[in-house]
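Going down the list, the protein sequences come from chains P and U.
Under our numbering, the first residue of the first sequence carries the number 10, and numbering increases by one thereafter.
Under our numbering, the first residue of the second sequence carries the number 10, and numbering increases by one thereafter.
Please keep in mind that the hints were generated in silico from the structure rather than gathered at the bench.
Using 27 Å as the maximum straight-line C-alpha spacing, the simulated DSSO-like pairs for lysine-lysine come out as follows: (1) Lys-46/P <-> Lys-122/U; (2) Lys-90/P <-> Lys-97/U; (3) Lys-111/U <-> Lys-122/P; (4) Lys-122/U <-> Lys-195/P; (5) Lys-46/U <-> Lys-82/P; (6) Lys-22/P <-> Lys-82/U; (7) Lys-90/U <-> Lys-30/P; (8) Lys-111/U <-> Lys-90/P; (9) Lys-122/U <-> Lys-111/P; (10) Lys-82/P <-> Lys-82/U.
Chain by chain, the residues:
2 protein chains.
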Amino acid sequence: MELLREMVLTDGKVYDNNVLKVDSFLNHQIDADLMLKMAETLRDYFKDKEVTKILTIEASGIAPAIMVANLFKVPMVFAKKSKPSTLKNNDIYEAQVHSYTKNITNTIVVSNKFINRDDKVLIIDDFLANGQATLGLMQIVEQAGASLVGVGILIEKSFQSGRHLLEERGINVCSLCRIASLENNKVTFNIADDER
Amino acid sequence: MELLREMVLTDGKVYDNNVLKVDSFLNHQIDADLMLKMAETLRDYFKDKEVTKILTIEASGIAPAIMVANLFKVPMVFAKKSKPSTLKNNDIYEAQVHSYTKNITNTIVVSNKFINRDDKVLIIDDFLANGQATLGLMQIVEQAGASLVGVGILIEKSFQSGRHLLEERGINVCSLCRIASLENNKVTFNIADDER
Chain P
10 MELLREMVLT
20 DGKVYDNNVL
30 KVDSFLNHQI
40 DADLMLKMAE
50 TLRDYFKDKE
60 VTKILTIEAS
70 GIAPAIMVAN
80 LFKVPMVFAK
90 KSKPSTLKNN
100 DIYEAQVHSY
110 TKNITNTIVV
120 SNKFINRDDK
130 VLIIDDFLAN
140 GQATLGLMQI
150 VEQAGASLVG
160 VGILIEKSFQ
170 SGRHLLEERG
180 INVCSLCRIA
190 SLENNKVTFN
200 IADDER
Chain U
10 MELLREMVLT
20 DGKVYDNNVL
30 KVDSFLNHQI
40 DADLMLKMAE
50 TLRDYFKDKE
60 VTKILTIEAS
70 GIAPAIMVAN
80 LFKVPMVFAK
90 KSKPSTLKNN
100 DIYEAQVHSY
110 TKNITNTIVV
120 SNKFINRDDK
130 VLIIDDFLAN
140 GQATLGLMQI
150 VEQAGASLVG
160 VGILIEKSFQ
170 SGRHLLEERG
180 INVCSLCRIA
190 SLENNKVTFN
200 IADDER
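Given the sequences, and given the hints that come with them, work out the whole structure.
Here it is in structure tokens:
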């Protein structure tokens, strides 16, 4: 997505040949107009999939997910990184998600009332890097017996293992911006065949 | 807001004469259509205030805040409950927020790049109870030297101290649903003069 790549180039900052900071428009301050355009692009890509539910994980997945949900006119569910006191152990789906950046493992939780075997779930997240959050959300979809129709991502770090892990499981992944490299603290894009 | 009150009555659950669980449509699963209508109502209320920025706090404030930001065509900023590793101490505004529910105090953080003295800030959050999160966000607006134009809330627990604390500071508060009591685990509304 050309507009997103322009924003990454003009407003993104790269550290340590690996970290892309996009907090001025994507995950701390959010450019609402850009977010709407990104949501429309993801909706267009998945529009024939009869999506019944959008699933993401708190916190920075929530903004793109609610915008996409609003376009599909379906509910959005966000997984929580800790179990709410009002949810009992047998009322939840849960999965372990390891963060390589923070070197911690979180248990993510979704109430089992909100995804069921009839659902066609579209997972939305801001970043795809090592894919651990997405794999955790996929486990939750599987526990619910629901179908996963695909994964929509704003920014993919294609040089990390996430996309490969999803593709080898046959998942339909749409990333709006694919980054081939952050070497020398410079952004190099991977403009793919499925460019949106 | 009639539609929201209906949802609270039909889908909300009350515990311990004090806790209102709305996780089926507001803060775990989110009814995207309801969220858009709530955002439109808040936009209509504050439409003459020349809002330049929407401010909220992760995680459950993000969905209403991005929807309101999209209607105003202004950026949204969400305060983080922990300091990102990419932000240095002299690059941030911060405030202490005590949660009576969880009995913990969090430091909330906003990068000082994203709010400045020219901003007219509208604070959006899902709940107003004791008002501690809102007061923390107000401290951040004050540190930035920005103007606060008002506070937009989805559900207010009017029997707790939040609204009083804001009103005695002269803040313009718009709550879409005001709850007078949860006694006997029953929802009683407070339908006020400023009903939207």
